[in-house]
Each structure stands twice: as C-alpha cells, then as structure tokens.
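Peer 1: Here is what each chain is made of, one letter per residue.
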Amino acid sequence: MANEIAIEELRAFAQRIGLTLPDDELQRLLPGVIRAQKQAAELRALLSNSDEPAGIFIASKKNQR
Amino acid sequence: MENELCYLSITEAAAALSKKTVSSVELTETCLRRIEAVDGQLHSFITLTADHALAQARQADQELRSGKGRGALHGIPIALKDLYMTKGIRTTCHSAVLENWLPDRDATAAMNLTAAGTVLLGKLGMHEFAFGGPSVDAPFPAVRNPWNTAHIPGGSSSGSGAALAAGLCYGALGSDTGGSIRTPASHCGVVGIKPTYGRVSRYGVIPLSWSLDHVGPMARSVEDCALLLQAIAGHDPRDPACADVAVPDFRGTLKDGIQGLRIGVPRTGWFDENLGVAPETEAAFNEAVKILESLGAAIVELDGTPFSVTRKANQTILVCEAYAYHEKTYQETPLKFGASVRRRMLEGAFLSAVDYITAQRARSVLNERICANFARVDVFAVPGAPRPPEAFATMDPNEQNLRPSFTNPFNLTGLPALCFPCGFTEGNLPSGLQIVAPPFEEVTCFRVGYAYEQATDWHQRRPAL
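For the record, the sequence lines run as chains A and B.
First residue of the first sequence: 1, per my numbering; consecutive thereafter.
First residue of the second sequence: 1, per my numbering; consecutive thereafter.
The set of hints was computed from the structure by calculation and includes no laboratory data.
Be a bit skeptical, because a hint or two may be false.
[Claimed, not checked] Facing chain B, according to a computed beta carbon distance under 8 Å, are these residues of chain A, among others:
hint, residue
1, I17
2, G18
3, P22
4, V33
5, A36
6, R44
7, E52
8, A54
9, F57
Even for Gly, the Cβ is constructed at its ideal location relative to N, Cα and C.
Can you build the whole structure from these sequences, using the hints too?
Peer 2: Shown next as structure tokens:
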C-alpha cells in the first residue's frame, strides 16, 4: 500500500488539477483524503484478475450514455 | 379534527375524497395551515407553492365531481425533495449554487405524480446536493426532527422525513445514494423505499452519483408508499439506467402475510463493526425480528462480512462521481458550496482513475457475494440506522464512519430496501427496520412491512408539536 499523502503533496496535486486551496482548507481536507485513499486501496484485496467493473459498455445496447 | 385530517393516510384520504366527505381543497388548506403553524420550528419546506397547490386542488375536486377520477392519488397533497426539477418552480438542492434556479422542465417522477392528480405543496429541505450532513452554512436553515427539534431528522431527504412525521403532507419523494431515503425514514418514524436501481426514472433529478442514485417515495404507511411507487415506477428512455421491466401491482400481495418467509439477518461481522450498533437500536431491531418470527417467518443468521465491506466501494464511487459532476462549478465558484459538501466532494478529486475502477470491480464481487444469500433466504432484515438521531449540538460527523452503515450495501447492489418504524428510544426518538429483497421484488418488501405494521402501532405515533 502507498504511503499516506502529506499536506505538501496534497497542495501540489490540487494545483495540478486546477485548484488553489488555502492552507487551512488543505489541513481540513487532509484527513478525509487519507481516509478515502485508504478505503480505495483496501478494496484491491478483494479482487482477482477476472473481476470486471460493474459498469461496462455494451456495444449492442441502445441509449448507452 | 385538524390533526385527524392532516394525519390521514393516503388510502384514508382517497376514500374520503371518493365519498366526498372531504375535498382536495380542504386537504390542501389543512396542510397549508399546519405548515404555517409548525414549520417555523422544523424548516422542512424551502419553497411553498400554495397558490399552485390550491389551483391543482380545485381542478382535482372538479374532476372528481365530474367522475374523471385518476386513481388513489388524485387530489392528494404531496411535496418533493428540492432536487427534483419542477418547471418554473425554484429548485435549489438546498445550495447557494442553485439558490434561484427555475428549471425549464419537470423530472419524470414529478411529472408522473402530477399525471396521477397529486397536489404539489412545495419543495423540501435536504442536505446540500444530497451530500454530507445538515447544511449549517447554506442559504436555508437545516431541517429539524419533529420528534425533538434539538435532533437531526437524518438525511439527505431530511425535509421529506420531517414533513411527513409532522403531518405537513401525505406523501413525498426523496432520493437515496447511500441511505438518504431510509435514514430520515428511520429517524423521523415514517416509511420510505429505495426501489431497485432502474425501477424509477432519475431524469430531471439532480445527480449526486449516477451509478448509486435512486429515487423513491416516502409516506406514513407501507401501503401509501406502495401507492406512490406505483405512480412513479416504469421505464423512461430519458434515463439510460432506467430498466425496461414490467411494473407489478405493488399492493397486489400486500395482505398475503409472511408465513414461511425466510428472513436473513447478516449480523456476524457487521453489526459489531467499530463502535457497533447502539444498544437501544439493536434492542428495537431484535424485538422487531421476534415479531416477524411470531408472524410465521423463519429467521436465518447470515455472515455480514461482505455487507460490511461495501461502504468502502460505495464511498469511493460516490465521491468520484460527485466531484466529476460538480467539478466545473466547483472550480468557478467554490465558496458557493457549503464547507462540509466542499470537503467531502473534494475527496473524489484526489482519488485516481484506478481507485474508481477498483471500486466498480469490487462492486461486482460484493454484489455476487451478497446476492448469493438469496439462495438461502427470501429477504434480509437490518436496522434502518445504526443509532438514534443525534442532537445537533453534539453531532460528530466522523462518527458515521465508525458505525456500521446499514444502507450503503443496497445502493451498491441496487437491491430494493424498505424502511419503516419499529420502535422508540427512552428519549422518544424513532428507530426503523429495513427489509431488503432481490432485484425488482419490491412487492416482497411491502408484504413484510405491511404484515409488521398490522402487528404493531409504531407507525401511528405522532410527535407533539
């Protein structure tokens, strides 16, 4: 599992996706981002290579948007 | 008399309209007077459409008088969570972002209710964009619980739950992405169903998370909920996720009883997760299960582990899809969002594409594991919420992550889930019971809920306002 994201990385990441967030907002955001990333990482343990995502594109299905 | 009228069930009100012992105008005026009298304490309505409602009521009365009745909902006053688009009527999502927005069309579900002859009283408060917690920094006040206004009503369909419990309308629509119909139903002592994913069109309903969003009705009885679902269920090509499946008569098997029905309780590995279920909530749940058993059901203990894991996938998908939807608005006007929505939504901005796809893959795996239980049982029974409604003053937004989520799994799996009252705490706050059925078997949820309702009187209790 990757290391927890630090505040400097969060700031850089935010800038990269076009967000300029003040330091206090970044501080308040950090615990939630760490929790969200940890949760997402824990899901990997459930999966094998044969598991496909729930939402898949079916070429023959109409109105697929 | 006034209280008796405003707490009629839809079925009772429809019978009275049919016998002409009451008119739709009288029902509508009763609701409007009640709103005027008590909603200052509750803030369940954001927008009241009194003139519009009275015009619809007059039309309903005229049609009913001339034998042009449209069914059991004709002339019944209802209200909509404020994320259903309503043509020319302000739709705010309880947010400064859409504070004065007038949509140019109606949501399909709203349109279907109008076609059934309902009377629209107004638009109901909610958690901002159906996200986060009670909105304390939104342009509209947070909705309060009619059973004790110092407590939260649950959300995000908070106005729908509060208005029904307070007798301000006869039916309402909510929406549910992680429990937003069932939590306020549980906390306010009313009934709500999150139908199967795809059962009801989401067209014209402002999304929170496309692949988890469900829309559904709330009411004061199971039968009323079935009546409302009947009016809004069905295929709509304008919603790509809406299923082209037959719509059954949701009241058809309501009175068939539950003799021999196998009810699974996925307790082990779930109910004791972190802080676990609050003791009062678990006691009410256990008592409700005993009642179902006494009505002829067989209770089967199940492994709750796969249910417990769903929260991680649900939350990952939810925050990613929510940020994707709101990204442009957020980048242009971030401060128009309340602080709690802003922070939660941004969690999605910092997850990767692989995180999102992993969660959608986990969804397939968990869905298979959870639905495999339907080989052994007909429905699942779980509490509607892990604890009684918290007080605003002591509410800890992080605590919800430390309790089991009894609602998330059924957004991830899309299974139909009905929540109805099953008890009260010592402090007179409601508890709910949830019944979950296989896909498109809402009728089974209704059958269990109705049988339970006939054996108890929790749904007939009213808050002192």
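Peer 1: For every hint, state whether the structure bears it out.
Peer 2: Outcome of the hint check:
Checking I17 (chain A) against chain B: minimum C-beta separation of about 6 Å stays under 8 Å; hint holds. The beta carbon of G18 (chain A) comes within 6 Å of a beta carbon in chain B, closer than 8 Å, and the hint placing it at the interface holds. Of the supplied interface hints, the one on P22 (chain A) is violated, with its beta-carbon coming no nearer than about 11 Å to a beta-carbon of chain B, more than 8 Å. The interface hint given for V33 (chain A) holds, since its Cβ lies 5 Å from the closest Cβ of chain B, which is under the 8 Å cut-off.
A cut of 8 Å between beta carbons decides the hint on A36 (chain A): the least distance to chain B is about 4 Å, and the hint holds. Using the Cβ-Cβ criterion of 8 Å, the hint placing R44 (chain A) at the interface with chain B is satisfied: the shortest such distance is roughly 6 Å. With 8 Å as the threshold, the beta carbon of E52 (chain A) comes within range of chain B, its nearest partner Cβ sitting at about 6 Å, so the hint holds. With a least beta-carbon distance of about 4 Å to chain B, the hint placing A54 (chain A) at the interface is held under the 8 Å criterion.
The closest approach between the C-beta of F57 (chain A) and any C-beta of chain B is roughly 12 Å, which is over the 8 Å cut-off, so the hint fails.
Violated hints, in rising order: 3, 9; the structure is consistent with all others.
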